[in-house]
Amino acid sequence: MPGSQLKRLKASLREQGVIGPQQSKKQRRKVAQNGKVNTNKRAAALDSIREEFNPFDFKHNARGPKFQVTSNRPALGDAAKGITGRPGDAKAIGEERRRQTLLIEMNRRNKTGGIRDQRFGENDASMTYEEKMAQRFVREKQSHKTSLFDLEDDEPIDGLTHMGKSLSFSEKDDFEETDLLDPEGSDSGNESGGSQRGLKRVRGADDVQDRDDENIEGEPERKKTKQEIYKEIIAKSKLHKAERQAQKDADEDLREELDQELSDIQSLLFLKPKLQSSEGNEATVKPDDPGRERMERDYDLRLRQLAMDRRAKPSDRTLTEEEIAQRDVEKLKELEDKRQRRMRGEELSDSEDTKEEDAHDTQSAPKNLGWFGEEEEENFKLGSGIRTRPTATELGFDDEDDFIVEDDLIASGSDLEPIESEDENSSAEDEEDDQDDEFTKGLLDETEARGTAFTKEFDSTRNETSTISSCPETLEQLLSISRGLPSEQIPALIQKVRILYHPKLASENKSKLAGFSRVLVQYLFHLSNASSSPPFATLESIIRHVHSLAKSFPVEIAEEFRLQIDNLASRCLSPTLGDLVILMAIGSIFPPSDAFHPVITPAMLLIARYLGQKISKTTTDFVQGAFMGSLALHYLKLSQRFCPEFMNFSLNTLASLAPTRPAKKLGNFPQHEPVPGIRITGASEAEIKKLKVVHCITPPSSELEDLSIRVATLETTLQLLDTASLLYASKPSFIESFEPVVLALSHLAKGSCKSQLPTALIDHVVKLQTKLHTMLTMSKLARRPLELHHHRPLAIKTAIPKFEDQFDPDRHYDADKDRAELAKLKAEHKKERKGAMRELRKDANFMAREKLRVKKQKDAAYEKKYKRLVAEIQGEEGREANAYEREKQARKRAAKRQG
Amino acid sequence: MPSTVDEASLKRKRAKVPEKPSKRTKHESSDEEEEDRQAEILLLEDEILKSKKNYNNITVLFEFAKSQHDPEVALFSMVSLCRVFLRLLASGNLSRKAGQSERETVVVQWLKARLSEYKKLLVSVLCEEQSASTALTLSMRLLKAETQTTSDKSESTFPKLFLKEIIGALISERFEDVQQEFCEKYLAEYADIRFYAFQALSDILSNHNTSSVDSGLFDSVFDLLSFFEGVPESTEDLGSLYVDLPKKKSSLVLSLHQQKKQCQSAWIALLKLNPDRQQRKRLLEIMAESIAPWFTQPELLMDFLTDSYNAGGSLSLLALSGVFYLIQTRNLDYPLFYHKLYSLLDDGILHSKHRSMFLRLLDTFLASTHLPAALVSSFIKRLARLSLNGPPSAIVAVIPWIYNLFKKHPLCTFMVHRVMRTPEAKAAVESEGMDDPFDENEDDPMQTKAIDSCLWEVVQLQSHYHPNVATIAKILSDQFTKQWYNMEDFLDHSYNSLIEAELSKSVKKPPVVEFMIPKRIFLPNDPVSGVEDNLIIKLWEFQ
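Line by line, the protein sequences are chains A and B.
With the working numbering, you'll find the first sequence wraps up at 1151, consecutive numbering, no jumps.
With the working numbering, you'll find the second sequence wraps up at 854, consecutive numbering, no jumps.
In short, the hints are calculated from the structure, not lab data.
Remember, predicted model here, so these are calculated numbers, not experimental data.
Misleading hints may appear alongside valid ones.
[Said to hold, decoys possible] Below 20 Å or equal to it, Euclidean Cα-Cα: the simulated EDC-like pairs (lysine to aspartate or glutamate) are:
no.	chain 1	residue 1	chain 2	residue 2
1	A	Lys889	B	Glu825
2	B	Lys592	B	Asp614
3	B	Lys849	A	Glu939
4	A	Lys916	B	Asp658
5	A	Lys944	B	Asp844
[As the list claims (entries may be wrong)] Take a look, some chain B residues computed to stay more than 12 Å from chain A by CB distance:
no.	residue
6	Leu432
7	Ser576
8	Ala685
9	Met757
10	Leu850
Even glycine gets a Cβ: it sits at the ideal position worked out from N, Cα and C.
Make a model of the complete structure from these sequences and hints.
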């Protein structure tokens, strides 16, 4: 190693090839050809040498470099060389940044106003001038595209070209091409490169391609002049303008052409009534021919289909019979799957959590596993039927008056999938047909009629609907409307209301209809309570109306039913007929098999409460209980859930109605002592009749009727127990549940009772008894010891501390996550604080320095001025003195001469 | 009041007597006006206090007080009489002193006779609804004054007799607010009144003819005695003395032990009245909390409690807590306690209104981990059996209770998880199924073989119609990760609370609606259509 610094510098310069022996001309040219690469190399070499020779530019670890083993991360870059920082650079950068921000602020202090330069990239030093111009141009282009309907901006796909190249900005801007971007700047390029460029520009435009290739390969710093760029831009915009003009003309042509064709289509679309009427005029010969009418309707339908076909997507092809059947089967299967899942209560996203919660809950209702919270994320497609349906506008009918036939008023199950076309919908209707065809048909007919001849339909319904001035939204309104009508007319009235206030007809109809559906539920209750023998056919049809409305307004109807349930809860043990009808309606409108249901669950609880708490005293009570029992079984039929209260009540009925008292206890249920006179006696001749619902509220008129009702109740209870035994046959405790039943039955079949009961009933008892016997033995055979706890064994909590494989002493292994987080945050805060203080200090330093500099500058300027003035004055004074001296000398000389 | 004044006024007494009748007539003439009456009474009172000569005015006041037609005047004169007697007592005019002349002795005796007459009047007024409250206050004040002045301080005695009369009057009629007032103002506050009141009560009750207990008397005494919910813990809690008693006597009154003794005797006297079933229930309901703590010898309750416990039904349930108290504090050895407890688990227990109380106690009785598993499993199995017929509110309490027992007695978990070990046993079960080894009719919980049985009942309840009940029933088949369930969360439920809980949630999400609209709901389907009628149509005839 050479001793002196200078010698070492020279040696390293030579080593890097920066200086060397004189090169021949040939060698120099070669070097020049390599050009840029060489200069880069040279600059890098110079940099490294500079770094090497300035020991204060780096910050090193005070105790020398770290050993490799202390860190598991490989050291890279500076760190490899043991450099931990570059204070000089950092300082310079900091200084520069301050000059850019703080200094400007300082200078602007106490000043207001000024001009803000918002030109793109004006203050961005990193952009070259060309880049700036390009960006501004792009910005301008983009800002033009404001209006969606600006036809002028619709560029043809080819777009503008320049020299055969697309000028579109979607891919790559011309200005962003490598040839324009001169990353080094023109000043860094060497002389030879510049001359070469100059030469190339002289060449013809035909070898642009070549040039481009060359540029990509070896000539990155070729650069267009500003003039060239502007020329190009101007040319481009001119071309663009011309193109737009041409496009506009073409559009105009097309539109005119379309306008001419449109009159035909319009006549098809909008002049249907006229068409019809003209057809009607033709058919005046047989105006009331039904075949004719149907044909017209068919024609109308076909026409709409045609109109829709235009927009139909190719995927909407007509399905074959098998496909439709297949789809139906799939849909039904899907629905059944969903029902099963709901039945198992699987919508609970985290049953474990809720259970924990429920156990923790110290409030009065610890086990209210709400079905609400858990179901939140489950999306019931059934519920959102209305929304998935395309609106009339989507279907191509802009006119609301143009009533769509397919939009069946019964929001049928077809709302599972959006209906795109008529035939698809008709298939959905077909599928519905087997369930409720005659129910919907009337409505459909009417809507169709409405669609074709609205006024005519209106005429036909006027006799009933003329009284409907507004949609009945309270029970009183509905009652006032329906007052004069016989009960058979009421379904028709409801239909009318539903048609007149169909949601499609006006926007507020939806809420009106929702209110109406609430009223219907109330009306259901009212109507069934109104007389001792309510019109069940009407009630049935109202329930079905409510059911179909429930598909559109599930929340409203559910809330109304819950209100009714709430009312019923207060008089649970003495329900009216209306309550029974409401419970029936709930059981048919809502799926009773669901594990959690906002309506079903409380309704079932009410039924069970009746069965559990009612102590039957009169025949009516027993009939009511039997009805409640059948409701309970109706609710639990699909889910096969167990209802202890039903068993208790039925057993109590058997024990209470039996002609004699059972000798021993029948089972573990609380047995109530019947009131005297309720036991069936001397009914051996009685005929077994089917129980009537009205008996639930009206006490029997005569002794004989009383007896026959009691016998019928006993019979019904037997049937109910029969059904229940089928439902619960697979339950693990079937034996315990039904052994009391067998005991009660054998008591009924015993001599003392046998003589008092009709033989048909005894036959039934015996039959049920033998059936239960076999079922009990079957159940016994099927019974296995419980093995409920085949769970994965719980791990014993370990006391061994966790071993870190890759322990890092710098890291904190805090087991408490919150605390670790907090510590991290605190450390960060401390660091930031220190950094901020340092920055502030540096800022203050900088400002002081700047002020000093300004002051010095000012002082220097002042000094200079002062000196200049002094010098000036002195100069002037000197001249005057000289002149005086000269004058004096001259005078002296003159005086001498004279003297 | 200084006695010299009385000496002086004594001389003038004769002179003033003749004036009195004229005054009286004058006053009587203005009989109509109430205020005049009251003014007259005040005047009379004033005159009495001014001079001994006017003592005869007392008789006039008595006449007023006894007059039936004007209760307000009667009340007013009674108050005024009370004032008179209080003053007289305070001035010592009612006590015989040494060296008094015979005439004076006669006067004192006359006054004493009037005083006792007044007392009788007060006691009789206590039995009248509207004035009872005032009479009570007056008599209590008189009682206080009497003790303080009757004799010299060293040997003053509590007027037990008067108090007894007061209490006798109080309990003979049922004026609840007066009784309440007596309890709150005197019984609760003053140790001596409490002490002597207990004494008086036990005296009254023991003298009472046992054959004829009228329920009114029982209820009044019961109310008086059960007024104290807690027993005073220390002497400080006993309260102060109403009358100043000599040290010796006050120490007796202020001793906690003595108080308890008196109360105990009062209670025992009440229990001896042969209460009927309803009364027994009332007694048993507060037995452990309010009655038994008063007893210095709770063993005395033993007969009553065991009798009640053996009576069966809800009485046994209620007696249970009392018996338990005795077992806990007195180490009462109840033979076959668990046997008896097991027999209480009858079909009505889950439907009884004392269910939660009973389950709480049952929880306590079976809390020990030292109980044999066979016994615990009998209880578990029995309750599981019963819950097959129980209301949901009972099931939700029983299941966590079973869980807690399982955690305490892991041996019992065989009831939910029993793997057949030998291939023979497995084959036997496969071929013949399994009979429940549990013997329902066995009375001895150690012999029921419940430990060999399984809880099929709970598995059945997992498909209970109420979803929450079903979910709770599932905790027994889940892994037992939870340490225990807090029974208090599950005990107090009813159909009402369950329905309310359901209805209080609002409907946020559109509820699921049945997909198919049934063709027929009430009326039978056409047989042609082939659609099956629903259950209700099959069984019922509409129309």
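Which numbered conditions among the earlier hints are violated in the structure presented, ordered from lowest to highest?
10
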